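> Single-letter residue listing:
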Amino acid sequence: MMELAMDAAIGATAGTTPLLRVEGVTKRYGARIGCADVSFDLWPGEVMGIVGESGSGKSTLLNCLAGHVPPDSGAVLFDTRDGGLRDTLTMRESERRMLSRTDWAFVHQHARDGLRMNVSAGGNVGERLMAVNARHYGRIRAKATDWLGRVEIAADRIDDRPTAFSGGMQQRLQIARNLVTGPRLVFMDEPTGGLDVSVQARLLDLLRGLVREMGLSAIIVTHDLAVVRLLADRLMVMKDGHVVESGLTDQVLDDPQHAYTQLLVSSVLQV
Amino acid sequence: MNEYNFAYLDEQTKRMIRRAILKALAIPGYQVPFASREMPMPYGWGTGGVQVSAAVLVPEDTLKVIDQGADDTTNAVSIRRFFERTAGVAVTEATAEASVIQTRHRIPEAPLRADQILVYQVPIPEPLRFLEPSEVETRKMHALEDYGLMHVKLYEDISRHGAISTSYAYPVKVEGRYVMDPSPIPKFDNPKLEMAAIQLFGAGREQRIYAIPPHTRVVSLDFEDHPFEASKADHACGLCGATDSYLDELIVDDEGGRMFLCSDTDYCAGRRRAGHAGAEAAPFEEDAA
Amino acid sequence: MISVENVSKSFVLHNQGAARIPVMAEASLSVAPGECVALVGASGAGKSTLMRMIYGNYLTGAGRILVGGTDVAAAAPREIIRLRRHTLGYVSQFLRVVPRVPTREVVAEPLLATGSARDAALARAEALLARLNIPERLWSLSPTTFSGGEQQRVNIARGFAHPYPALLLDEPTASLDPLNRATVLAMIGEAKARGAAIVGIFHDAEAREAICDREVDVTTFTPGAAA
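Protein chains in written order, with the numbering used here: chain A, 9 to 279; chain B, 3 to 291; chain C, 136 to 362.
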């Protein structure tokens with residue numbers, strides 16, 4: 009089972025500065041721990057999976073990293089194009105928004121959270137371009153058409169609203185909308201959750217190709233070990249808000265050290 | 003005269019509105035919240051504009067009120083009468099003679115001067131509203147100049163109709179900063195938003211005031227390959243023959259017969275007084291105006 | 136090129152009463168460039184475990200595993216990823232790939248990952264597939280539907296696409312007919328000739344004889360055996 013992880017690792021490149029440096033990120037909800045003291049480096053081209061059961065804090069962590077929820081303490085440093093590593097938590101909101109529509113992308117579990125359902129597919133994909141001042145209709149439309157093709161949506165659906173799309177298509181549209189500006193870091197929250205198994209496989213294959221082709225770095229939160237086996241170079245296992253184990257994906261899955269990881273791995277039904 | 007305070011509103015309220023107006027003028031295009039009062043007319047009849055007019059009127063003013071360009075529609079007549087009664091100011095239908103003009107959905111054809119104030123009635127002040135329902139989010143978008151969404155609306159227009167079909171309330175960017183809804187004026191009027199007079203916008207139900215100071219840069223949003231066009235019906239006014247004014251279409255019989263005539267009644271009458279006549283004009287009679 | 140020094144390993148099964156199972160102790164092994172070393176020993180003696188430790192798939196408890204200067208036992212994930220991409224290849228018995236990816240792409244992948252031009256990578260992939268007698272009509276299909284022998288050969292083509300300086304081979308000739316077996320042995324020979332250091336598991340004694348320079352019996356690494 010090692011080859012898959014090796015394939016997924018292909019995007020990773022050598023570099024001297026991590027793309028993202030997470031230092032001691034902690035988020036509490038009253039007495040309850042969301043996530044506690046999480047630290048790691050993500051390098052350019054790397055894909056990291058975060059696994060754990062519901063309530064393990066993986067989604068809280070992702071939202072803290074992506075700037076959706078302010079953590080109580082810690083730092084999330086991003087290698088910005090002009091200023092090197094900078095803490096995104098203390099950045100001005102305008103700068104953080106600029107990041108989130110250029111270098112960052114966020115793929116939601118439910119496509120309707122990440123799409124504008126009353127705007128056509130082309131408008132959905134074009135929005136990020138227009139947000140960074142694309143002002144030529146013909147070129148915006150050409151780029152949207154190209155991206156619909158890359159996520160396997162027929163060009164003649166460009167003027168249809170996402171409400172007319174199947175769940176898998178909506179998710180692919182959300183991915184196109186996110187990747188059209190060539191981000192460097194993609195956050196994904198259960199990107200295959202809620203989809204039929206056959207649709208999942210197609211989506212994963214698509215994501216994997218795009219990650220490789222664009223040299224993307226990504227952080228993928230999922231409870232599905234098959235997803236990380238396929239997509240992630242590295243893995244972090246969370247339980248009760250704490251990271252209990254991390255390492256190379258195939259190593260963590262094939263030689264788990266922590267009791268919880270062993271339980272998680274042994275609980276997967278073999279097909 | 004009567005027992006009303008001058009221009010109906012009490013002095014404290016007028017001060018509060020004036021402060022909002024000054025702030026709006028200081029930040030062109032920015033929507034300033036204000037504590038809109040109950041007015042003796044229903045929302046949608048120009049309560050925002052009326053409160054702004056009440057706050058700027060002084061006894062020496064001459065007031066003109068238009069609705070879609072016309073001085074003689076119900077809405078215009080009743081607002082004019084309201085201020086005649088509560089402020090005792092002079093009123094006029096002549097654009098050039100007015101010092102304050104309250105308008106619903108039009109800008110007069112005659113260029114306005116530096117000593118005039120144009121007050122707009124605004125139903126929905128937020129240009130992003132139809133795309134983003136959350137007020138918290140739209141305010142954040144304005145604060146961060148996150149205006150990609152505005153172009154999405156224009157994109158959708160072109161993709162559906164082949165051209166930008168938004169023909170009124172066409173969004174503009176004011177002084178290179180705030181995207182603003184110019185109220186539901188026809189886009190034909192957009193170029194006139196750069197003018198010598200002060201322009202004040204009041205939304206009563208939504209409790210917002212915004213402004214364009216004199217000679218402020220106002221740019222209508224568009225695409226490079228689909229530039230903004232200030233369009234109007236391709237006809238001349240049937241009464242005065244004007245080809246440069248915004249026209250209303252009028253159905254005149256049961257056989258689909260129609261005529262076009264100036265939406266700005268004062269402009270049309272002025273031209274006819276000066277001897278211009280359109281194809282369908284009866285000979286001009288002085289007492290008709 | 137590959138140097139295993141005093142390596143030991145045990146599994147702790149937390150969910151079975153935290154049972155601690157020592158599986159390897161004081162293992163040492165060294166493979167020079169151009170050398171092929173066969174791991175031998177009874178089934179369950181730890182041949183695969185040692186291979187997986189060298190590849191970084193299993194954690195190493197103690198000791199060092201140097202591959203081209205990188206200590207796999209201590210390296211960060213990122214360094215192992217780099218090592219696997221450029222230096223250390225692995226051919227396992229079973230092919231596991233993503234559905235829908237054409238065979239040609241599966242084989243070309245390691246080359247594309249190291250920056251080869253697409254055309255050159257695909258040409259090399261096709262040459263390898265042809266040499267291993269995979270019919271051309273199958274190249275554009277996903278190998279998931281292929282027979283066991285065909286999958287095995289696709290796997291080998293993929294493993295040999297990039298000229299790794301170090302190679303791990305787990306039963307590369309199992310389930311192959313004599314003709315293809317000869318081809319694979321020739322390919323291993325060529326890898327040795329260009330200087331690759333190879334560690335392999337070959338149940339096929341004849342193949343082992345033909346290609347391996349020496350054998351290392353992993354039963355001597357069984358905990359307790361050496362003590």
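Honestly, the hints are just simulated from the structure, not real lab data.
Fair warning: this is a prediction, and the values are worked out from it, not measured in the lab.
Among the hints, a few may not be true.
Said to hold, decoys possible - If the Cβ cut is set under 10 Å, some of the chain A residues that face chain B in the computed set are:
(1) ASN132
(2) LEU137
(3) ARG143
(4) GLU160
(5) ASP164
(6) THR171
As the list claims (entries may be wrong) - Ranges between beta-carbon positions, derived for each pair:
(7) B:ASP250 to A:THR98: 52 to 58 Å
(8) A:ILE41 to C:SER310: 47 to 53 Å
(9) A:GLY63 to C:ALA211: 28 to 34 Å
(10) A:ALA39 to B:VAL221: 36 to 42 Å
(11) B:PHE132 to A:SER81: 55 to 61 Å
Built from N, CA and C at the ideal position, the CB exists for glycine as well.
> Taking the hints in turn, state whether each one holds.
Tested hints:
1. For A:ASN132, the interface hint holds, the least distance from its beta-carbon to any beta-carbon of chain B being 8 Å, beneath 10 Å.
2. Interface restraint check: A:LEU137 against chain B, minimum CB-CB distance 8 Å, threshold 10 Å, status holds.
3. The beta carbon of A:ARG143 comes within 5 Å of a beta carbon in chain B, closer than 10 Å, and the hint placing it at the interface holds.
4. Because the smallest distance between the Cβ of A:GLU160 and any Cβ of chain B comes to about 21 Å, over 10 Å, the interface hint for this residue is violated.
5. With its C-beta approaching chain B no nearer than about 12 Å, A:ASP164 sits outside the 10 Å limit, and its interface hint is violated.
6. For A:THR171, the interface hint is violated, the least distance from its beta-carbon to any beta-carbon of chain B being 14 Å, above 10 Å.
7. Look at B:ASP250 against A:THR98: about 57 Å separates their beta carbons, and that is inside 52 to 58 Å.
8. For the pair A:ILE41 and C:SER310, the supplied restraint of 47 to 53 Å holds, since their beta-carbon distance comes to about 51 Å.
9. Between A:GLY63 and C:ALA211 the Cβ separation comes to about 30 Å, which falls inside the hinted range of 28 to 34 Å.
10. A C-beta distance of roughly 53 Å is found between A:ALA39 and B:VAL221, which places it outside the suggested range of 36 to 42 Å.
11. Roughly 40 Å separates the CB atoms of B:PHE132 and A:SER81, a value that falls outside the hinted 55 to 61 Å.
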